[in-house]
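Based on the provided sequences and hints, a complete structural model is requested.
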Amino acid sequence: YAGDLASVIYQVIEENQLYKEGIYHFSNEGVCSWYDFAKEICDLSGNVCDIQPCHSDEFPSKVKRPHFSVLDKTKVKFTFGITVPYWKDSLQKCINELKQQLDY
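In terms of UniProt numbering, the sequence shown opens at residue 1 and continues consecutively.
If you are wondering where the hints come from, they were derived from the structure by calculation, not from laboratory data.
Fair warning: this is a prediction, and the values are worked out from it, not measured in the lab.
Note that CB positions come from ideal geometry on N, CA and C, so glycine has one too.
There may be inaccurate statements among the hints.
Said to hold, decoys possible - Pair ranges (Cβ atoms, derived):
(1) A6 / E40: 13 to 23 Å
(2) F26 / K64: 23 to 33 Å
(3) G81 / N47: 35 to 45 Å
(4) F68 / Y24: 20 to 30 Å
(5) G22 / D103: 41 to 51 Å
(6) G46 / E15: 31 to 41 Å
(7) K75 / D36: 23 to 33 Å
Stated by the list, open to error - Below, a list of computed lysine-lysine pairs in the DSS-like style, where the Cα atoms sit at most 27 Å apart:
(8) K77 / K20
(9) K77 / K88
(10) K93 / K75
(11) K75 / K88
(12) K73 / K88
(13) K99 / K39
(14) K73 / K20
(15) K39 / K93
(16) K93 / K73
(17) K75 / K20
(18) K88 / K39
(19) K93 / K77
(20) K39 / K64
(21) K99 / K88
(22) K73 / K39
Here you go:
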């Protein structure tokens, strides 16, 4: 969720921790597939959707993709002392904000 990433960046700037150089990975906690993500959006938004899982082999590509890839957030959590929210909680927050903007 971009809001969570923005909060981390703000915290780093506010606490003047910019001198801590390096590459830091960030994503919300937990693991999900694109299918899981789409299903959760449908469920949280209250829409009825027929979402079917598919395998990446069904979409030929010249690029070989890993079967399982997640970002290791250990460095960003340890270096800046942050707690990363679970992806479903942040998705719920995002959908609630969108519903408010649309007066849903």
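Outcome of the hint check:
1. A6 / E40: 13 to 23 Å: 21 Å Cβ-Cβ, so the 13 to 23 Å window holds.
2. F26 / K64: 23 to 33 Å: holds (25 Å)
3. G81 / N47: 35 to 45 Å: holds (38 Å)
4. F68 / Y24: 20 to 30 Å: holds (21 Å)
5. G22 / D103: 41 to 51 Å: holds (43 Å)
6. G46 / E15: 31 to 41 Å: Hint holds: Cβ distance 39 Å, inside 31 to 41 Å.
7. K75 / D36: 23 to 33 Å: Given range 23 to 33 Å: holds, Cβ gap about 25 Å.
8. K77 / K20: Within the cut-off at roughly 13 Å; holds.
9. K77 / K88: Cα-Cα ~19 Å, so holds.
10. K93 / K75: Holds: K93 and K75 sit about 25 Å apart, inside 27 Å.
11. K75 / K88: holds (22 Å)
12. K73 / K88: Holds: K73 and K88 sit about 17 Å apart, inside 27 Å.
13. K99 / K39: holds (17 Å)
14. K73 / K20: Answer holds: K73 to K20 is near 15 Å, not above 27 Å.
15. K39 / K93: Status holds; Cα separation ~16 Å.
16. K93 / K73: Given pair K93, K73 holds - Cα atoms ~21 Å apart, limit 27 Å.
17. K75 / K20: This hinted pair holds, its Cα atoms lying about 11 Å apart.
18. K88 / K39: This hinted pair holds, its Cα atoms lying about 11 Å apart.
19. K93 / K77: holds (21 Å)
20. K39 / K64: holds (25 Å)
21. K99 / K88: holds (16 Å)
22. K73 / K39: holds (25 Å)
This entry satisfies every hint, going by the numbered hints stated previously.
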